[in-house]
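S.K.: Here are the chains, one letter per residue:
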Amino acid sequence: MRSLCLILIAIFLAAASPSGATEPARPDKKDRCPVCGMFVAPYPDWIATIVFKDGSQLFFDGAKDLFRYYYSLPNENDTRTRDTIGKIYLTDYYSTRLLPVEQVFLILGSDVYGPMGHELIPVAGEEAAKTFAKDHKGQKIITFEQLTPQLIPVD
Amino acid sequence: MISGKLKILEHALLSMGRRKQKNFAIIAVYTLTVATLASILFLTQSLRTEARNVLLDAPDLVVQRLAAGRHDLIPNHYAEKIGQLPGVGNVTPRIWGYYYDSLKKVNFTLMGIGPKERDLQLFSGELPKTAKQCALGNGIAKAYGVELGDSLVLVDSQNRTLLYEITGLFDHQSNLLTNDLILLTEPELRRFFNLPADRATDLAVQVYNQREIATLAKKIKYELPDTRPVGKTEILHTYDTVFNWRSGIMLTVFVSALIAFCILAWDKATGISAEEKREIGILKAIGWDTTDVLMLKFWEGLAVSLSSFLLGSSIAYLHIYFYGASVLTPVIQGWSVLFPEFQLTPAIDLYQIFVLAILTIVPYIACTVIPSWKSAITDPDSVMRS
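Chains as they are written, first to last, in numbering that gives the first Met the number 0: chain A, 0 to 154; chain B, 0 to 385.
Please keep in mind that the hints were generated in silico from the structure rather than gathered at the bench.
Each residue gets a CB set at the ideal place from its N, CA and C atoms; glycine is no exception.
Just so you know, not all the hints are guaranteed correct.
Straight-line alpha carbon distances no greater than 20 Å define the calculated EDC-like cross-link-like pairs of lysine to aspartate or glutamate that follow [claimed, not checked]:
{"#": "1", "chain 1": "B", "residue 1": "K220", "chain 2": "B", "residue 2": "E233"}
{"#": "2", "chain 1": "A", "residue 1": "K129", "chain 2": "A", "residue 2": "D110"}
{"#": "3", "chain 1": "B", "residue 1": "K128", "chain 2": "B", "residue 2": "E164"}
{"#": "4", "chain 1": "B", "residue 1": "K220", "chain 2": "A", "residue 2": "E22"}
{"#": "5", "chain 1": "B", "residue 1": "K217", "chain 2": "A", "residue 2": "D110"}
{"#": "6", "chain 1": "A", "residue 1": "K139", "chain 2": "A", "residue 2": "E125"}
{"#": "7", "chain 1": "B", "residue 1": "K373", "chain 2": "B", "residue 2": "D239"}
{"#": "8", "chain 1": "B", "residue 1": "K218", "chain 2": "B", "residue 2": "E233"}
{"#": "9", "chain 1": "B", "residue 1": "K231", "chain 2": "B", "residue 2": "D56"}
{"#": "10", "chain 1": "B", "residue 1": "K218", "chain 2": "A", "residue 2": "E22"}
{"#": "11", "chain 1": "A", "residue 1": "K52", "chain 2": "A", "residue 2": "E22"}
{"#": "12", "chain 1": "A", "residue 1": "K86", "chain 2": "A", "residue 2": "E144"}
{"#": "13", "chain 1": "B", "residue 1": "K217", "chain 2": "A", "residue 2": "E126"}
{"#": "14", "chain 1": "B", "residue 1": "K128", "chain 2": "B", "residue 2": "D100"}
{"#": "15", "chain 1": "B", "residue 1": "K141", "chain 2": "B", "residue 2": "D100"}
{"#": "16", "chain 1": "B", "residue 1": "K218", "chain 2": "A", "residue 2": "E126"}
{"#": "17", "chain 1": "B", "residue 1": "K80", "chain 2": "B", "residue 2": "D56"}
{"#": "18", "chain 1": "B", "residue 1": "K373", "chain 2": "B", "residue 2": "D348"}
{"#": "19", "chain 1": "B", "residue 1": "K80", "chain 2": "B", "residue 2": "E222"}
{"#": "20", "chain 1": "B", "residue 1": "K276", "chain 2": "B", "residue 2": "D288"}
{"#": "21", "chain 1": "A", "residue 1": "K133", "chain 2": "B", "residue 2": "E222"}
{"#": "22", "chain 1": "B", "residue 1": "K218", "chain 2": "A", "residue 2": "D110"}
{"#": "23", "chain 1": "A", "residue 1": "K129", "chain 2": "B", "residue 2": "E222"}
{"#": "24", "chain 1": "A", "residue 1": "K29", "chain 2": "A", "residue 2": "D44"}
{"#": "25", "chain 1": "B", "residue 1": "K220", "chain 2": "B", "residue 2": "D100"}
{"#": "26", "chain 1": "B", "residue 1": "K21", "chain 2": "B", "residue 2": "D266"}
{"#": "27", "chain 1": "B", "residue 1": "K103", "chain 2": "B", "residue 2": "D149"}
{"#": "28", "chain 1": "B", "residue 1": "K218", "chain 2": "B", "residue 2": "D56"}
{"#": "29", "chain 1": "B", "residue 1": "K80", "chain 2": "A", "residue 2": "D110"}
{"#": "30", "chain 1": "B", "residue 1": "K4", "chain 2": "B", "residue 2": "D239"}
{"#": "31", "chain 1": "B", "residue 1": "K231", "chain 2": "A", "residue 2": "D44"}
{"#": "32", "chain 1": "B", "residue 1": "K276", "chain 2": "B", "residue 2": "D266"}
{"#": "33", "chain 1": "B", "residue 1": "K80", "chain 2": "A", "residue 2": "E126"}
{"#": "34", "chain 1": "B", "residue 1": "K218", "chain 2": "A", "residue 2": "D134"}
{"#": "35", "chain 1": "B", "residue 1": "K6", "chain 2": "B", "residue 2": "D291"}
{"#": "36", "chain 1": "B", "residue 1": "K217", "chain 2": "A", "residue 2": "D134"}
{"#": "37", "chain 1": "B", "residue 1": "K276", "chain 2": "B", "residue 2": "D378"}
Here are the in silico distance ranges between beta carbons for each label pair [stated by the list, open to error]:
{"#": "38", "chain 1": "A", "residue 1": "F51", "chain 2": "B", "residue 2": "H76", "range": "28 to 36 Å"}
{"#": "39", "chain 1": "A", "residue 1": "G124", "chain 2": "B", "residue 2": "R159", "range": "45 to 53 Å"}
{"#": "40", "chain 1": "B", "residue 1": "S255", "chain 2": "A", "residue 2": "Y112", "range": "43 to 51 Å"}
Work the whole structure out from these sequences, hints included.
M.R.: Structure (structure tokens):
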């Protein structure tokens with residue numbers, strides 16, 4: 000009986016841990032970006048997501064739209080504040096994997112356009128960020144802490 | 000209103016029945032033309048789709064080394080250098096080459112597989128594990144009449160005759176890719192071709208972000224100037240060009256057929272016989288409107304052209320997908336001596352069908368309606384007397 004319990008717990012943990020700790024859920028076909036209204040799933044290389052503390056999740060088609068939403072909170076459609084946000088994930092340009100926003104550098108003014116035009120390009124690692132800025136005419140490398148609403152590209 | 004239109008349609012079909020021979024001849028030629036054109040369209044479209052599907056699994060970037068403008072073996076340490084670039088996943092050195100069998104007069108592709116081979120679908124048996132084993136494509140097995148467990152005789156670069164036990168066979172579904180393929184273990188293939196251990200034929204590079212392929216290709220070319228990086232999109236583009244070019248050539252050849260058909264259709268449809276003129280005159284005399292006569296001729300034209308179009312497209316479909324495009328394959332397949340016998344997956348572009356329909360149906364209806372309109376607007380009395 001006890002061993003059965005242990006097995007059950009082990010199964011439960013195994014099922015719970017990958018979704019909780021490592022990577023957030025991927026969007027399904029019907030998820031839309033709350034800023035521009037576009038479907039998110041066709042742009043797997045650009046997905047950005049906010050996971051709220053209550054477990055709910057929003058998907059964006061690019062870091063730019065995510066940060067716009069982030070700075071607009073609480074807005075007329077969403078009364079939640081920024082304190083209710085659990086974690087923010089952005090898609091690393093080079094590995095196309097979702098990484099926590101603290102782990103990436105944001106490159107401004109590059110010649111790489113996302114689905115919504117000019118973008119902040121998330122790149123993991125300082126060395127890679129510098130390489131990216133050199134290859135794609137990036138003008139500024141910043142971290143999430145250094146980001147202000149004024150720095151977000153307009154179009 | 001609708002029943003009146005249906006009456007006109009009925010009359011149209013009956014009057015066509017009275018001129019069986021003429022209409023039958025037109026339908027036959029018309030069908031043949033549509034079948035030819037649709038065959039070309041279907042075949043190119045499915046070859047293009049097939050190539051695209053095949054290339055889905057192709058490496059994102061292939062890096063070759065050039066020496067004096069020609070392909071040369073690439074040093075393995077290039078792989079490490081490329082692997083350090085940001086955005087690059089796995090870099091796999093590949094070993095492969097061509098083998099000409101003078102007895103059967105065919106070319107094979109020989110490929111080496113490393114110890115960490117991937118799972119292969121469409122494969123029966125096992126991948127070669129020892130130097131004395133090999134796996135074959137369907138075409139080679141057929142050419143030699145061998146089966147799983149038999150032996151294959153190859154002559155290596157030192158002119159030694161070697162026996163390989165066949166441990167695996169590719170299914171015929173993967174023919175387009177594997178028809179002329181022989182797999183050996185990598186060390187054995189190096190020995191077979193007498194290749195140095197520190198070099199490979201080319202490098203297969205995995206790139207995570209497809210947007211970055213062009214930049215990486217530029218970077219690799221910059222850092223290793225004696226290489227030639229080839230992107231997946233470039234290969235796709237080349238295939239597209241090749242198929243467009245080939246179908247273009249066929250189309251030019253068949254344009255003459257199309258023009259001949261147009262002349263025939265014009266002649267048959269416009270040359271209203273005296274009898275038909277009289278018929279129009281009588282119809283008008285018994286109280287038909289000009290619009291009714293035009294409607295009648297429209298239905299006639301539509302019946303002929305639509306049935307020919309549907310019949311022609313169906314014949315083309317059967318020809319391409321059930322009889323393996325037997326008439327067109329010699330033209331469109333290329334360069335290899337051992338042809339893959341492949342079953343094409345139906346891939347139909349509705350846009351192309353639509354264009355073909357517009358190009359064949361509309362002119363024909365115009366050809367039939369306009370001359371009848373001319374006789375329909377003249378006075379019935381004079382039409383009947385003339």
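S.K.: Which numbered hints turn out to be false for this structure?
M.R.: Of the numbered hints, 4, 7, 10, 14, 17, 18, 25, 28, 29, 30, 38 do not hold.
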